[in-house]
Amino acid sequence: MVSQGIGPTVITIKFFSLIREAVEVEGLSLEWSPDLSSVAMVKAELSQRGANWSDALSHPNLIQAVNHKVVFEDNAVADGDELAFFPPMTGG
Amino acid sequence: MVSQGIGPTVITIKFFSLIREAVEVEGLSLEWSPDLSSVAMVKAELSQRGANWSDALSHPNLIQAVNHKVVFEDNAVADGDELAFFPPMTGG
Amino acid sequence: MTVLVTKDSIDLGNLYQVFVERYPSAAVANFAGHVRDHGDRESVDCLELEAYPEMAISQLTALGVEATSRYGLHAWQVVHRYGELSVGEPIVWVATAADHRADAFAACEFLMDTLKTDAPFWKREHSGQESSWVKVQTRDLERKARWLGGSDTA
Amino acid sequence: MTVLVTKDSIDLGNLYQVFVERYPSAAVANFAGHVRDHGDRESVDCLELEAYPEMAISQLTALGVEATSRYGLHAWQVVHRYGELSVGEPIVWVATAADHRADAFAACEFLMDTLKTDAPFWKREHSGQESSWVKVQTRDLERKARWLGGSDTA
Chain A
1 MVSQGIGPTV
11 ITIKFFSLIR
21 EAVEVEGLSL
31 EWSPDLSSVA
41 MVKAELSQRG
51 ANWSDALSHP
61 NLIQAVNHKV
71 VFEDNAVADG
81 DELAFFPPMT
91 GG
Chain B
1 MVSQGIGPTV
11 ITIKFFSLIR
21 EAVEVEGLSL
31 EWSPDLSSVA
41 MVKAELSQRG
51 ANWSDALSHP
61 NLIQAVNHKV
71 VFEDNAVADG
81 DELAFFPPMT
91 GG
Chain C
1 MTVLVTKDSI
11 DLGNLYQVFV
21 ERYPSAAVAN
31 FAGHVRDHGD
41 RESVDCLELE
51 AYPEMAISQL
61 TALGVEATSR
71 YGLHAWQVVH
81 RYGELSVGEP
91 IVWVATAADH
101 RADAFAACEF
111 LMDTLKTDAP
121 FWKREHSGQE
131 SSWVKVQTRD
141 LERKARWLGG
151 SDTA
Chain D
1 MTVLVTKDSI
11 DLGNLYQVFV
21 ERYPSAAVAN
31 FAGHVRDHGD
41 RESVDCLELE
51 AYPEMAISQL
61 TALGVEATSR
71 YGLHAWQVVH
81 RYGELSVGEP
91 IVWVATAADH
101 RADAFAACEF
111 LMDTLKTDAP
121 FWKREHSGQE
131 SSWVKVQTRD
141 LERKARWLGG
151 SDTA
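Residue numbers (the numbering used here), protein chains in the order written: chain A, 1 to 92; chain B, 1 to 92; chain C, 1 to 154; chain D, 1 to 154.
In short, the hints are calculated from the structure, not lab data. Glycine residues also receive a C-beta, built at the ideal position from the N, C-alpha and C atoms. Accuracy of the hints is not assured; some may be wrong.
[As the list claims (entries may be wrong)] Quick list of the computed label-pair ranges, beta carbon to beta carbon:
#	chain 1	residue 1	chain 2	residue 2	range
1	D	His126	A	Val70	50 to 60 Å
2	C	Asp40	D	Glu84	46 to 56 Å
3	B	Ser54	D	Val87	31 to 41 Å
4	D	Glu84	B	His68	54 to 64 Å
5	C	Ser69	D	Val136	27 to 37 Å
For reference, chain A alone in the conformation it holds in the complex (with noise of 0.2 Å):
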């Protein structure tokens, strides 16, 4: 499931701070199908990795980004797109 390819066929995930330190991994990327067409589609597919991933995200603050916007999780994913997962940010 996991592709090392970057192209056109594949979404690239991103994990930050607490979610990061959760899954133990920085990102990943996975080839695109069209049963990762949503963001909580993808969340479904990253949660049956274990209990860490699906606590992580399960988590009640979680904040998902597409494409470096804040999304909702009905929010679409298409090939190529880059989500992301973290806690809200405490910048400035």
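Put chains B, C and D on the given structure of chain A with help from the hints.
Leaving out everything else, chains B, C and D in the frame of chain A:
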């Protein structure tokens, strides 16, 4: 009446902006006496110097200061005080 | 106008000088935020700022465009550090230039209040052997909420 | 903390650098006002700023003390020019340092809004052969009035 000496028996008076232009002098000193023991009394005395003086000192927005603080006309004036007359400030 | 997201240290005097020379305007406001020696933890030795730099640039640019449209800015600049920062070091610098000071001030506060919760940075405080992620402060959420209604300068 | 009333030109970058190094604080806000190329007159070649320097120092110091008491400042600085100024030159620079940005911003705006009407400076605009004294702006009186009720940061 005008004293050139700077000492404990005089009051110093300064004029700025429009008021300075009207009275055609930057400042002067007066020998202090009980007849000059309020701002109003100093204004009355100065207003006798001519129409340009009485007009300037009855300017509707005239501001008066004693020892670098804005005051009302009934403020006391004592030996050694510094008075100033000017229009509304426009700094910054 | 300009967004810089960087691991390098910031020279505030130089940033300011370049900004005012480049964008001559009647009113120039700016703000610098520095690492505190206390936070969620009683004492903080240093701060680790994790970033999502590509998204940070995109978000900060969007906030600058919004500030420009709300307040008619001539220019604006946001510089944000990430990586390891010592106590006292500048984390963030925001500058705004406008015709009138009310607009320059309001835009500068708008940028600071919104970037705190909308730009992808995460602070981790280190104190001796211990460290923890900084929690979002209610105060910051409240200050951001002030701007959601529109271009009110309150 | 520091008031400077001067005929000399101001080096903003240097002022800022010295201020942040001297008074390390979490939140530092500042504002610079520059000579506009227009004003009461359609075009302005240069500005003449008359001053009552001794009273200006006393008034600006009093405003700084008031800002410190309202907003718990760690430090503040006001620099005000007088004499002949060209278009684009800085007239006034105000900096404030506090623990939190809301206080630093509010104090900086408080100082700017009050010094405009309470510090003894008078602007005269020159345009070609003509010149005239600048009138007090209603906007400035209104902005000052915001602060008369107490420590409201609105």
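> Hint by hint, which ones does this structure get wrong, listed from lowest number up?
Replying inline: Number 4 only.
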